[in-house]
Amino acid sequence: MRNALEIGEKIACGDVKAVDIVESTIKRIEQTNKDLNAFITITYEEALKQAEVIDREVKEGIIRSPLSGVPVAIKDNICTKGIRTTTASKILSEYYPPYDATVVRRVKEAGLVIVGKTNQDEFAMGSSSETSYFGVVHNPHNLDYCPGGSSGGSCACVSAGMVPVALASDCGGSIRQPSAFCGVYGLKPTYGLVSRYGLISFIPSTDQIGPVANNVEDLSALLTIIAGYDEKDANSIKVGRIDYLSSLGGDSEVKKVGLIREWLESSTPEVRGAVEGVCEKIEGVGIEVVDVELPYTKYAVATYRLLADAEASSNMARYDGMNFTRRVEGDDLKGVYMASRGEGLGDEVKRRVLIGTFILSHGYKERYYWKAMGARVHIRRDFEEVLSEVDLLVGPTTPTPPFKIGDIIDDPLAMYLADVFVVPANLAGIPAMNIPAGFTDDGLPLGVQLIGSPLDEARLLSVAKMLEGGR
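Numbering (our numbering), first residue to last: 5 to 475.
Worth flagging that the hints you see were computed from the coordinates, not collected in a lab. C-beta atoms are modelled at their ideal positions from N, C-alpha and C, and glycine is treated no differently. Mixed in with the good hints there might be a few duds.
[Stated by the list, open to error] Distance ranges between label pairs, derived from CB positions:
#1 Lys-260 with Ser-28: 39 to 47 Å
#2 Val-381 with Ala-238: 18 to 26 Å
#3 Asp-335 with Ser-28: 52 to 60 Å
#4 Tyr-100 with Ser-270: 21 to 29 Å
#5 Gly-86 with Lys-38: 23 to 31 Å
#6 Gly-139 with Ser-365: 30 to 38 Å
#7 Gly-378 with Ala-238: 36 to 44 Å
#8 Ala-306 with Asp-39: 46 to 54 Å
#9 Arg-385 with Thr-272: 23 to 31 Å
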């Protein structure tokens, strides 16, 4: 079953037991994961215990939510109490958090059953899911191709039908880019809408946890569960809980959509065709599509790289082999630090930490970091000005279709440019989502991105639902 709400309804009606769903899900994961490597940890025993509780509650007439009893996968940089959480890194390969992330607590309270932790780029630093200590993740549409990153495992397992829904994180496109490459729906919420408490983040100023699903209704149902204010996150927005699933049936009130023309012009023909096809559908329901310009977004990748690496340099300092991380002995304290980090961190993580340290060093912080902060302000203003004239934006999620595993892993610049259309929304802190938009002649998925104003998730989801019917 690929539809989470249908599974939840069958469990609630007593047509099927949550235990049976979990057992079949785990079996499917064990069979499929041999090829995809989408999961790092499979939580068979914990999942069965959760499912047994749900089945008892159903007998008593207790239904926690429309997704009660539904299997869910969690990206491995989101803390799960007593379940290994590695961020796909050797240095955290044996870390068992003593607490649940807020989103994990909320999905548990809603009755979803956690069946495993998904593979990713190490510490979410990557765009192809090739930097994991636990091996490369493969695209379910073609095993020779990467699934995107950093949330490749979450998107691949949903695309392959291993689970109906998953949680992932998006600091610079890490939900939307792999969603496009895997042909699924993925949403990066407004910064602060979903709690980051318990997220092992390397760039807290842009990171957000979001849902991944095969359809808009499931995506909306999961967002409804995880969104909302959390006092444990200092940047959490004080907004009430919103039922995004119910809002799908209302009028989106979208009259005008802005097409980001300069992004389209720097995309491959297949990607351009996918975006143009979506625009035709939008116009087909009476919504005007107009060209818009975002002049400062051409600096987004450089801006993001400077800020991300600077924050990585600071945030990665805690992984030193002394407390909760893997430890390698040395002659003295400095030796322990160097040996633990040298052996425990991968090449891409080391590269970003070193670059970030340079950016923040004396004489260079003013030259690079503060200029990047200024550019970020201009990028945010670009979006504010354009979104004051149109209801939402449409453009490509990625400039190209999925690329082959190994093709650009040794070319950092090419890898960073794979995120050229997704990092702007992170820098601006606004919601954005990928919608599947067909396939290339070779059968590889294509994605189109919808971008909205802050806290405009309901409108994005409503438009995505409208477009879904024409897929």
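Status of each hint after checking the structure:
1. Lys-260 with Ser-28: 39 to 47 Å: 46 Å, holds
2. Val-381 with Ala-238: 18 to 26 Å: 21 Å, holds
3. Asp-335 with Ser-28: 52 to 60 Å: Once the Cβ atoms are compared, 53 Å apart, the range 52 to 60 Å for Ser-28 and Asp-335 holds.
4. Tyr-100 with Ser-270: 21 to 29 Å: Roughly 44 Å apart at Cβ, these two residues miss the hinted range, so it is violated.
5. Gly-86 with Lys-38: 23 to 31 Å: For Gly-86 and Lys-38 the Cβ distance comes to about 26 Å; the hint holds.
6. Gly-139 with Ser-365: 30 to 38 Å: Holds, since Gly-139 and Ser-365 (Cβ atoms, about 35 Å apart) stay within the stated range.
7. Gly-378 with Ala-238: 36 to 44 Å: 24 Å, violated
8. Ala-306 with Asp-39: 46 to 54 Å: 37 Å, violated
9. Arg-385 with Thr-272: 23 to 31 Å: 30 Å, holds
Going through the hint list in order, the structure does not satisfy hints 4, 7, 8.
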